[in-house]
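**Q** Each chain, letter by letter, is given below.
There are 2 protein chains.
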Amino acid sequence: MPDRALPSPAARLALAARRREIDAVRLLAGRVELAEAIGTLIHALQRERGASTIYLASGGQRFSDVRLAMAEGARQAESSVRAMFDAYEAPGQGASARVLALMAWTLLGLDAMQDLRSRIERRTLSAHEEVAGFSAIIAGLVELIYHLADAAQVPGVSSLLVAFLHLVQGKEEAGQERAVGALLFASGQCSEAHQQRINHLIEAQERNLQVFCDFVDAPLREKWEAQQLLPGTARLERLRRTLCAARADAALDAQHSDAWFEVCSERIDMLWELELALARRLREACAEQVRQAEQDLHDSEAVLRHLRDRPPLHQHAVERYFDLASQPGAVPEVIDGSSGQSTSLLELVHSQSARLSSMESELDAARRALHERKVIERAKGVLMSRLRMTEEAAFRALQKTSMDQNRRLLDVAEATLALPDQAFQQLAQQGAAADAKPRSR
Amino acid sequence: MPDRALPSPAARLALAARRREIDAVRLLAGRVELAEAIGTLIHALQRERGASTIYLASGGQRFSDVRLAMAEGARQAESSVRAMFDAYEAPGQGASARVLALMAWTLLGLDAMQDLRSRIERRTLSAHEEVAGFSAIIAGLVELIYHLADAAQVPGVSSLLVAFLHLVQGKEEAGQERAVGALLFASGQCSEAHQQRINHLIEAQERNLQVFCDFVDAPLREKWEAQQLLPGTARLERLRRTLCAARADAALDAQHSDAWFEVCSERIDMLWELELALARRLREACAEQVRQAEQDLHDSEAVLRHLRDRPPLHQHAVERYFDLASQPGAVPEVIDGSSGQSTSLLELVHSQSARLSSMESELDAARRALHERKVIERAKGVLMSRLRMTEEAAFRALQKTSMDQNRRLLDVAEATLALPDQAFQQLAQQGAAADAKPRSR
Numbered sequence: 001m002p003d004r005a006l007p008s009p010a011a012r013l014a015l016a017a018r019r020r021e022i023d024a025v026r027l028l029a030g031r032v033e034l035a036e037a038i039g040t041l042i043h044a045l046q047r048e049r050g051a052s053t054i055y056l057a058s059g060g061q062r063f064s065d066v067r068l069a070m071a072e073g074a075r076q077a078e079s080s081v082r083a084m085f086d087a088y089e090a091p092g093q094g095a096s097a098r099v100l101a102l103m104a105w106t107l108l109g110l111d112a113m114q115d116l117r118s119r120i121e122r123r124t125l126s127a128h129e130e131v132a133g134f135s136a137i138i139a140g141l142v143e144l145i146y147h148l149a150d151a152a153q154v155p156g157v158s159s160l161l162v163a164f165l166h167l168v169q170g171k172e173e174a175g176q177e178r179a180v181g182a183l184l185f186a187s188g189q190c191s192e193a194h195q196q197r198i199n200h201l202i203e204a205q206e207r208n209l210q211v212f213c214d215f216v217d218a219p220l221r222e223k224w225e226a227q228q229l230l231p232g233t234a235r236l237e238r239l240r241r242t243l244c245a246a247r248a249d250a251a252l253d254a255q256h257s258d259a260w261f262e263v264c265s266e267r268i269d270m271l272w273e274l275e276l277a278l279a280r281r282l283r284e285a286c287a288e289q290v291r292q293a294e295q296d297l298h299d300s301e302a303v304l305r306h307l308r309d310r311p312p313l314h315q316h317a318v319e320r321y322f323d324l325a326s327q328p329g330a331v332p333e334v335i336d337g338s339s340g341q342s343t344s345l346l347e348l349v350h351s352q353s354a355r356l357s358s359m360e361s362e363l364d365a366a367r368r369a370l371h372e373r374k375v376i377e378r379a380k381g382v383l384m385s386r387l388r389m390t391e392e393a394a395f396r397a398l399q400k401t402s403m404d405q406n407r408r409l410l411d412v413a414e415a416t417l418a419l420p421d422q423a424f425q426q427l428a429q430q431g432a433a434a435d436a437k438p439r440s441r
Numbered sequence: 001m002p003d004r005a006l007p008s009p010a011a012r013l014a015l016a017a018r019r020r021e022i023d024a025v026r027l028l029a030g031r032v033e034l035a036e037a038i039g040t041l042i043h044a045l046q047r048e049r050g051a052s053t054i055y056l057a058s059g060g061q062r063f064s065d066v067r068l069a070m071a072e073g074a075r076q077a078e079s080s081v082r083a084m085f086d087a088y089e090a091p092g093q094g095a096s097a098r099v100l101a102l103m104a105w106t107l108l109g110l111d112a113m114q115d116l117r118s119r120i121e122r123r124t125l126s127a128h129e130e131v132a133g134f135s136a137i138i139a140g141l142v143e144l145i146y147h148l149a150d151a152a153q154v155p156g157v158s159s160l161l162v163a164f165l166h167l168v169q170g171k172e173e174a175g176q177e178r179a180v181g182a183l184l185f186a187s188g189q190c191s192e193a194h195q196q197r198i199n200h201l202i203e204a205q206e207r208n209l210q211v212f213c214d215f216v217d218a219p220l221r222e223k224w225e226a227q228q229l230l231p232g233t234a235r236l237e238r239l240r241r242t243l244c245a246a247r248a249d250a251a252l253d254a255q256h257s258d259a260w261f262e263v264c265s266e267r268i269d270m271l272w273e274l275e276l277a278l279a280r281r282l283r284e285a286c287a288e289q290v291r292q293a294e295q296d297l298h299d300s301e302a303v304l305r306h307l308r309d310r311p312p313l314h315q316h317a318v319e320r321y322f323d324l325a326s327q328p329g330a331v332p333e334v335i336d337g338s339s340g341q342s343t344s345l346l347e348l349v350h351s352q353s354a355r356l357s358s359m360e361s362e363l364d365a366a367r368r369a370l371h372e373r374k375v376i377e378r379a380k381g382v383l384m385s386r387l388r389m390t391e392e393a394a395f396r397a398l399q400k401t402s403m404d405q406n407r408r409l410l411d412v413a414e415a416t417l418a419l420p421d422q423a424f425q426q427l428a429q430q431g432a433a434a435d436a437k438p439r440s441r
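Note that the protein sequences, when read in sequence, are chains W and B.
Under UniProt numbering, the first residue of the first sequence carries the number 1, and numbering increases by one thereafter.
Under UniProt numbering, the first residue of the second sequence carries the number 1, and numbering increases by one thereafter.
Isolated chain W (complex conformation):
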């Protein structure tokens, strides 16, 4: 134990703190890789879902081979993810019980895919059921990315991971929009429930992509904004209008079906490109953080070696301690220069604490975005299960209350979660759920 040669327990703890930073960044780098692999699997499943929908909607006439090729691609992406999951069984990977349980849940879903595929092959389920099956598995994968991002505590990386999560989720809503719209155009029929679903998916996409923009750095944000100006986006908007403006139960022109699939796929491919670019940025950011943390450890070791032969705390240091300790907030909260220049253990520990504290502030925005998502999802879930609302009706109810009462959506969602059981029983009895439609996915 070379550490025992250090001047004091405080010096040893200061070095241990540095090492813990490096450990945290390394674990995060592993989580980033996993999130990337899950994103790739989601993309493969989305492609397979699209092809399977056309296969089923065409009565097995179209996309028969394409579907098989995409299923093969999904299986390959799946095996990468499975291999990564294996490594998380061992302790010390920093994965929480919640993450491990979600991984187990995800694996069961992937096991069930076998059966789903053979039913699609035999065409013994409807296209709507097929979309719902794929979407359920993808939802579990997205949730897993959420929990991987939630555990991240490294500035510069956590924000990008929040952006990544919201991009993946926005892309999944784009994928569902493509599937639902394709089925409507193919069937030539539109219903109000389906229109509401499409509208909901469009709004949800925009919200998620907005959060992506808020947390990603400028080059990627500009890339996204530039793509919004391309002609494909305008074509998509026109077809969306056709779909949403159609009178309920009016006939839809089945001819639009291919055009719809094409412009939606273009949009999804574009989001996929963004995802790949963001994954690269994430890997770079992790590597940079590891490098920085290693340099900091190296510098601290140098300072402490230099201090080894000095008395632990001389007179000047005591004065300086109370001087530093009497600064606003009493405990280190204010940065006073880079730790690399510290020349005493006191300065080193103070600047280290101050830096870690300011990192926490940086992380607050990322944590807030994740918290907001979680609370709103949970409030939606409560409305869906208690008042038998569809997802879109539940979200609209939260949104309407937020606008009517001029309160933040987050506050309304929190208030919803705090409602006692009786309140829901009353609401359900009073027929407040009258506008809730039977669930249509």
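Since the hints were made in silico from the structure, they are not lab data.
Beta carbons: idealized from backbone N, C-alpha and C, even for Gly.
Take the hints with a grain of salt, since some may be wrong.
Stated by the list, open to error - Result set (EDC-like, lysine to aspartate or glutamate): computed pairs, CA atoms no more than 16 Å apart in a straight line:
hint : chain 1 : residue 1 : chain 2 : residue 2
1    : B       : Lys223    : B       : Asp296
2    : W       : Lys400    : W       : Glu414
3    : W       : Lys223    : W       : Asp253
4    : W       : Lys223    : W       : Glu237
5    : B       : Lys374    : W       : Asp364
6    : B       : Lys374    : W       : Glu362
7    : B       : Lys374    : W       : Glu203
8    : W       : Lys374    : B       : Glu360
9    : W       : Lys223    : W       : Asp258
10   : B       : Lys374    : B       : Glu414
11   : W       : Lys374    : B       : Asp364
12   : B       : Lys400    : B       : Glu414
13   : W       : Lys400    : W       : Glu203
14   : B       : Lys400    : B       : Asp411
15   : W       : Lys374    : W       : Asp411
16   : W       : Lys374    : B       : Asp269
17   : B       : Lys223    : B       : Asp269
18   : B       : Lys400    : B       : Glu203
To be verified - Which residues of chain W face chain B? A partial, calculated answer using Cβ under 8 Å:
hint : residue
19   : Ala17
20   : Gly92
21   : Leu108
22   : Arg378
We have chain W; now place chain B onto it with these hints.
**A** Same frame as chain W, but now just chain B:
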């Protein structure tokens, strides 16, 4: 590796999740012990601070022996804490870099105590400086408890730890109130700045003890409420009124000095009894959680042994997967019975995920209270350093804005932290800080 005999990777991950729960509770139990030891050290330092104040204010005439006895008590409490810190140097203790750096900072403060004590002995510093010195070290210890509580993610324990933190902090404010009041009565002089400080300490105590009440269970809350009705509380309130209602620079009756010290000490002893009772509750809650987690692991292992020879996912299970996965929220969020009764891997994983998810909801309130404390402390710190306000003026500014604009204190604090640098420069120039007094601690 006996796990390899399990039916599937999903089963292995489900068991790993159970084990991770046990690890998390065990680590938390260690943190609870540490928080308790820190609370004991804080109490010993508070007693030494009180005795030292009287020693200095009496020109070395009084409490000379008492002070030495209390210093000895503080040294003993300190050595227990130091021994515990040592264990955290090794990895795998679940302590973050921030906690380790704060431990190092705390140790430097305790090293500096040696010098502080010898200056008190020689009476080469003022009683106000002495109080500030002790208070700075105690503030670091309280901050450490905050970070230990912040990392706790176990329902039933986290809430109690939040209660513990706020009780310790309220008790420290009671300690500072005793010290400041004793000095004022002893000097026979009162100033507006000191009255503001006393008022601030009273309000801060009430806020913290309110949070303690919100998070503690009924028996302890009732104990606290009963104590509020004792005659000592009324006597304290009368003396507080004498102190706060005195005209600035009016003479105070030095005769009240002993009575003040006595009723304040009674209150602090009562808070200390509450702290001991709460520490016992915390230990019980940890032991119960460990027991529960071990039982759950045992049950899961039994289920999985039973499943070993069955096919991993039969037809019925696939139907059930999509049935469960299509419930509101798609991913397990709803509890459907105790995990002990699960008879299939699917049910086991689903109920495990659902239980972990509902635990997260339970933790939200505790996390919110800690987040609120952090943001308000940070906003206060920013106002203190940028506008050179005292702690009490900074808090009052936040509170006034909150009332004037009818916004939550938390929102005002968040908005303050989001202000750009120029805004503070303008505010400072416009003399908006005109009512800020020079810092008086």
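**Q** Which hint numbers doesn't this structure obey?
**A** 1, 3, 4, 7, 9 and 16
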